[in-house]
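Once you've looked at the hints, dock chain B against the given chain A.
Listed below are the residues making up each chain.
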Amino acid sequence: MAYTPKQVFLNGIWQDNPIYRQVLGICSTLAVTNLLANTLFMCFGLIFTTALSNLTISLLRDYTPKRIRMIIQVLIIACYVMMVDIFIKALAPDIHRFIGPYVGLIITNCIIMGRAEAFASQNKPLLSLFDGIASGVGYSLVLIFIASIREPLGFGSILGITLPARDLWWHSWIIMVMPPGAFFMLGMFTWFARRWLTKEVKR
Amino acid sequence: MDQLQNMNFFVSLVLIFTSAAFTDNILLARFLGMCSCLAISRKVDTSIGLGSAVIFVTASTTALNFLVYKYILLPLGIEYLRLLTFIVIIAAFVQLLEMIIERFSEKLYYTLGIFLPLITVNCAILGIALFMLNKPYTFWQAFAFGAGGGFGWFLAITLIGGIREKTKENELPKGLEGPAITLIIIGIMALAFVGFSGMIKI
Numbered sequence: 000m001a002y003t004p005k006q007v008f009l010n011g012i013w014q015d016n017p018i019y020r021q022v023l024g025i026c027s028t029l030a031v032t033n034l035l036a037n038t039l040f041m042c043f044g045l046i047f048t049t050a051l052s053n054l055t056i057s058l059l060r061d062y063t064p065k066r067i068r069m070i071i072q073v074l075i076i077a078c079y080v081m082m083v084d085i086f087i088k089a090l091a092p093d094i095h096r097f098i099g100p101y102v103g104l105i106i107t108n109c110i111i112m113g114r115a116e117a118f119a120s121q122n123k124p125l126l127s128l129f130d131g132i133a134s135g136v137g138y139s140l141v142l143i144f145i146a147s148i149r150e151p152l153g154f155g156s157i158l159g160i161t162l163p164a165r166d167l168w169w170h171s172w173i174i175m176v177m178p179p180g181a182f183f184m185l186g187m188f189t190w191f192a193r194r195w196l197t198k199e200v201k202r
Numbered sequence: 000m001d002q003l004q005n006m007n008f009f010v011s012l013v014l015i016f017t018s019a020a021f022t023d024n025i026l027l028a029r030f031l032g033m034c035s036c037l038a039i040s041r042k043v044d045t046s047i048g049l050g051s052a053v054i055f056v057t058a059s060t061t062a063l064n065f066l067v068y069k070y071i072l073l074p075l076g077i078e079y080l081r082l083l084t085f086i087v088i089i090a091a092f093v094q095l096l097e098m099i100i101e102r103f104s105e106k107l108y109y110t111l112g113i114f115l116p117l118i119t120v121n122c123a124i125l126g127i128a129l130f131m132l133n134k135p136y137t138f139w140q141a142f143a144f145g146a147g148g149g150f151g152w153f154l155a156i157t158l159i160g161g162i163r164e165k166t167k168e169n170e171l172p173k174g175l176e177g178p179a180i181t182l183i184i185i186g187i188m189a190l191a192f193v194g195f196s197g198m199i200k201i
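Quick note, the sequences are listed as chains A and B, same order.
Position 140 of the first sequence, counted from 1, bears residue number 139 in numbering that gives the first Met the number 0, the numbering being contiguous throughout.
Position 12 of the second sequence, counted from 1, bears residue number 11 in numbering that gives the first Met the number 0, the numbering being contiguous throughout.
Bound-form chain A, shown alone (with noise of 0.2 Å):
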């Protein structure tokens, strides 16, 4: 299996996409859509988390024993996640009191301990970096998508910054960042991504 950087990199953002391709990753996704800001602060963190996980796994895969790569490789995540945790603290405290939790959880995030078991384990240090970084940009892609729908359908706003319409004609749909909401854009974004990928596979 020798993939080049070039691909390794479409695969991780395009076609093997770990939100609506692989199904990884979901609780983050849909915890941190609701306001932009959010959503920026958790792609950071988790592209930050699998690029250098991916790249520290991959230099020890040949030192760790077998057996025990599964715990080697949670402590090592946990490591750059508590990094992750304590910078987002020190830069925003505001935003961090919300997503804090939710940052603690990268740990348990299937994407990491998927790209690290499927790809770091066994490719070279720097297509895994790339491999990582690849991941981190598909997840954030999507999550950004979805969090510039919900916010401004939420709340009338972007980034914070309210939009002209919500004082003229605008009535926010609240359900849009309560949890359901986040349920159905979800489902429907997995609909029309799986649909329009399929039909290019064919073509």
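Worth flagging that the hints you see were computed from the coordinates, not collected in a lab.
This one's a predicted model, so the numbers in the text were calculated from it and none came from an experiment.
Each residue gets a CB set at the ideal place from its N, CA and C atoms; glycine is no exception.
One or more hints might be untrue.
[Stated by the list, open to error] Computed beta-carbon distance windows for the label pairs: (1) B:Pro135 x A:Ser171: 30 to 40 Å; (2) B:Gly194 x A:Leu9: 36 to 46 Å; (3) B:Gly194 x A:His170: 14 to 24 Å; (4) B:Pro135 x A:Phe86: 23 to 33 Å.
[Said to hold, decoys possible] Using 25 Å as the maximum straight-line C-alpha spacing, the simulated BS3-like pairs for lysine-lysine come out as follows: (5) B:Lys69 x B:Lys134; (6) A:Lys5 x A:Lys123; (7) B:Lys69 x A:Lys88; (8) B:Lys42 x B:Lys165; (9) B:Lys134 x A:Lys88; (10) A:Lys123 x A:Lys65.
Below, chain B without anything else, positioned relative to chain A:
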């Protein structure tokens, strides 16, 4: 929150349990444990198996994590190590539990034990432990919160399993099968659970 301290001990436990299970359902309102829920909820039997394992593990590890946080991490001033500590405690507990069950009861091992490895990576467990830190609970209250959260997850995944069993044979538009329709079903259930919100305020 002050109310909670003045309240009768048992009443407060019941309130915390109900609010964790219904008004703040871990799966439908907090979105935790979605990955294993989407993967496992195809049948009611397996949903019940995984759900009961989750109830047991959340209740025990939340209590355990509470003790470790309060009596080890806080006095030493190393709260920032909480993520690392919690995940290690959960992984160790699950491993130990699997070994004990396998040793003592074969029947229990086949109904519950096969789901245990899945639980270490279930974010509901770590999530409940992290949410618990935001609230000024005592030991038994933390235990009730963990048990309630686990029960809420059990309830949600069993209901979803039931609906998915019924809709398995139905024809769906292309691309909607699998995760997409399940997410929309869960959305409708979440809508129903929104009805519980505001019932209990703590």
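Structure-based check of all given hints:
1. B:Pro135 x A:Ser171: 30 to 40 Å: Given a distance of about 33 Å, which is inside 30 to 40 Å, the answer is holds.
2. B:Gly194 x A:Leu9: 36 to 46 Å: Taking Cβ atoms as reference, B:Gly194 and A:Leu9 lie about 44 Å apart, which means the hint holds.
3. B:Gly194 x A:His170: 14 to 24 Å: The hinted range 14 to 24 Å holds for B:Gly194 and A:His170, with Cβ atoms some 22 Å apart.
4. B:Pro135 x A:Phe86: 23 to 33 Å: About 27 Å separates the Cβ atoms of B:Pro135 and A:Phe86, which means 23 to 33 Å holds.
5. B:Lys69 x B:Lys134: holds (13 Å)
6. A:Lys5 x A:Lys123: With a Cα-Cα distance of about 15 Å, the restraint between A:Lys5 and A:Lys123 holds, given a limit of 25 Å.
7. B:Lys69 x A:Lys88: holds (21 Å)
8. B:Lys42 x B:Lys165: holds (10 Å)
9. B:Lys134 x A:Lys88: holds (18 Å)
10. A:Lys123 x A:Lys65: Satisfied, since the Cα-Cα distance of roughly 17 Å is no more than 25 Å.
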